[in-house]
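Protein sequences, first through last, are from chains B and S.
The opening residue of the first sequence carries number 1 in our numbering; numbering runs sequentially from there.
The opening residue of the second sequence carries number 1 in our numbering; numbering runs sequentially from there.
It should be emphasised that the hints constitute simulated quantities derived from the structure, not laboratory data.
Each residue gets a CB set at the ideal place from its N, CA and C atoms; glycine is no exception.
Each pair of labels, with its calculated beta carbon distance range:
1) S:G47 with B:R224: 51 to 57 Å
2) B:T28 with S:G47: 48 to 54 Å
3) B:E272 with S:A217: 56 to 62 Å
4) B:P106 with S:I5: 31 to 37 Å
5) B:E107 with S:G120: 27 to 33 Å
6) S:G167 with B:E107: 31 to 37 Å
7) B:D376 with S:A6: 48 to 54 Å
8) B:H273 with S:G168: 54 to 60 Å
9) B:E107 with S:G168: 30 to 36 Å
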Amino acid sequence: MSDQNSAREISRESDLGDDRFFDPDIETASRSALAALHEEKLLELVPYAYERSPFYRKHWSEAGVHPRDILTVDDFRERIPFMDKDAIRAFRDAHGDPYGGLLCIPESELTAINSTSGTTGDPTLVPERWAAGGSGPALARDFWELGVRPGDHVAIPMFTFRGPIYNFPHVLGAVPLIFDHSPAELPRICELVRRYRPTSWYTMSGPFLLALAELEQSTDVDLRDVFSSFSSIVFAGEPLGVRAKANAERWGMPLFHHSAAGDVGAAFECREHDGLHVWEDVGFYECIEPDATGPGDATPVADGAVGELVATSLGSDVFPLIRYRSDDLDRFTRQRCACGRTHARLWTLGRKGDEVIVDGRSVLPVDVWGAVEALDETAAGLFQIIRTQRQVDVLRLRVGYAGAPSDLGALAGLIADSVEAGVGVRPQVELVANAELLKLGPPHKIPRVAKR
Amino acid sequence: MARTIAPPELWGVGQFRVGAGSVTWELSQAEIMRDAQSATGVLSAIGLAPGGRVLVTSLLSEAPHVWPLTLGVLMNGAQLSSADATPFDAYRTAMFLRTLRYDMALGVSDAVVDGLEQMGVDLATAFADVAVIVARGVAYDRLESAGLRPTRMLLLGPATAIARAPGGPAEVDPELWALDTVDGQVVVTSLTERRQAFARQPTGVAGTVDGSRVILARGSS
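Could you build all of it, start to finish, from the sequences and the hints given here?
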């Protein structure tokens with residue numbers, strides 16, 4: 001982080017004083033209070049879902065579980081079976097129920113029916129009943145911590161599929177600047193940022209950082225000036241590559257990482273930059289051995305170790321996910337953060353479904369990233385692992401390049417050398433133009449794994 | 001206790017398009033609510049009823065136009081779904097149309113139609129069960145060519161114009177906007193108090209006006 005940026009953060013922190021929490025009672029609740037909350041909510045949720053959800057009735061009955069068996073959180077952990085997105089899709093297809101058997105209120109009471117991103121397949125429906133205040137309160141805690149205060153502006157280059165996300169700054173007394181998440185918007189974004197001087201940005205992505213680098217090269221825009229007003233820029237979608245990170249630092253971007261938390265909530269870094277906080281009054285989170293097949297062998301990983309995130313909705317009586325296996329590999333801790341918050345934190349590593357085992361060695365996209373970015377022609381870090389199955393004999397990569405390299409064969413060899421040096425596995429490399437890979441994804445990311 | 005903070009008077013800062021360019025647009029909470037009341041009446045007039053369901057396709061940057069329409073959907077007692085009006089996100093539009101029953105598709109644009117056609121989706125089949133298809137730009141003509149009966153929608157600078165029946169001209173709420181033409185281009189003037197007042201604001205739309213209705217010039221969409 002640049003000196004100028006650090007000075008701005010310190011200044012901002014000083015401005016904030018002790019005023020760090022949006023909802024201090026819940027954000028700093030003791031672990032015993034959170035445990036009591038979990039017990040209360042989980043023991044309410046289990047019979048509620050069983051009575052209303054055909055999916056859970058079938059799924060739990062097949063596992064020989066009835067709500068009367070669940071009297072403690074330990075019972076919940078030891079008896080309630082896991083579920084995942086494939087199970088929802090299977091129920092949907094088998095029973096002709098578009099909600100996968102999870103809807104727990106009459107359809108007529110819904111406000112909106114939105115959908116998941118569809119990153120890992122067909123999007124699944126997300127039915128919602130909007131309360132007054134919408135989704136603002138949980139996000140408000142995160143953005144309050146990131147420095148948003150009444151009267152501020154918040155830049156929101158986003159999508160519509162999550163609904164009217166642009167309204168959340170109002171909960172903080174702040175005003176949204178609304179943009180599309182499209183590189184074509186960047187000149188206008190830069191212009192309006194200089195006019196309104198927003199303090200926060202939600203969200204920044206790898207393709208946006210790449211487009212900013214191109215904008216810097218092709219125009220006289222001063223990106224240090226553009227980003228000088230921000231106390232936070234929320235980065236999401238993918239890991240942050242080394243080159244992209246270096247550019248962000250050069251431009252003085254105060255980046256904070258953000259991720260989904262098992263489709264139940266969101267996870268944001270706080271100003272300590274020591275993991276992403278999840279809100280444990282919104283979700284009950286477990287981190288288990290990734291190879292677990294059911295509650296019987298689902299050993300929780302040790303605090304601070306890597307496992308698969310399993311999430312249960314505590315805040316949804318509409319469409320609760322219960323013991324939902326996220327497929328996300330995270331390092332997970334419930335240790336109190338230096339910020340004073342007591343809720344769990346995680347560090348995202350990748351998707352379990354993205355992992356390939358090559359000659360006994362685990363390889364995730366994040367392992368390949370730096371090696372691809374290291375070469376000038378592939379500095380954008382656009383690549384896919386070709387994953388025909390989890391266990392493969394050869395690591396196959398599809399890598400995007402910029403410009404018009406004179407010798408693609410030689411470039412493929414250099415990439416293979418770089419990956420072999422970084423990962424310990426020599427890949428087969430297929431080269432395609434960056435623009436072709438960018439066409440494969442929504443504007444904020446590309447699929448990092450392809451079946452062919 | 002969570003903090004309770006009054007929402008700002010300024011709802012947000014967005015934009016509207018004029019030809020290939022855009023104009024920055026500040027809107028107050030009060031005018032959003034006024035536009036939402038107007039949208040509620042328009043959506044009801046074109047057939048939205050309590051218990052209905054609407055698929056809204058838009059870009060986030062169109063929120064100053066779309067949020068009042070969204071509130072109008074809710075104030076009519078209907079449900080909504082959202083998809084981006086981009087070729088890429090057309091798979092989401094296709095998924096919604098395949099999975100759920102919709103009474104109205106609102107804001108279907110060229111980009112959405114492009115995306116659906118790239119996916120090999122037959123427009124007539126995809127929208128066959130949607131009673132009211134509110135379309136803009138060339139998408140209107142393409143849906144009509146597919147044998148559908150779309151309702152015309154125009155983003156007319158800061159104003160939203162929607163026809164009251166399939167085949168009819170798009171019209172603005174005459175209590176909110178006055179229309180005129182300058183050199184063959186429709187211009188709009190705001191009639192109510194707005195954070196940002198508009199006087200004969202160019203819209204980039206070629207045509208003539210008949211009161212609050214826009215008669216598009218031949219070849220214009």
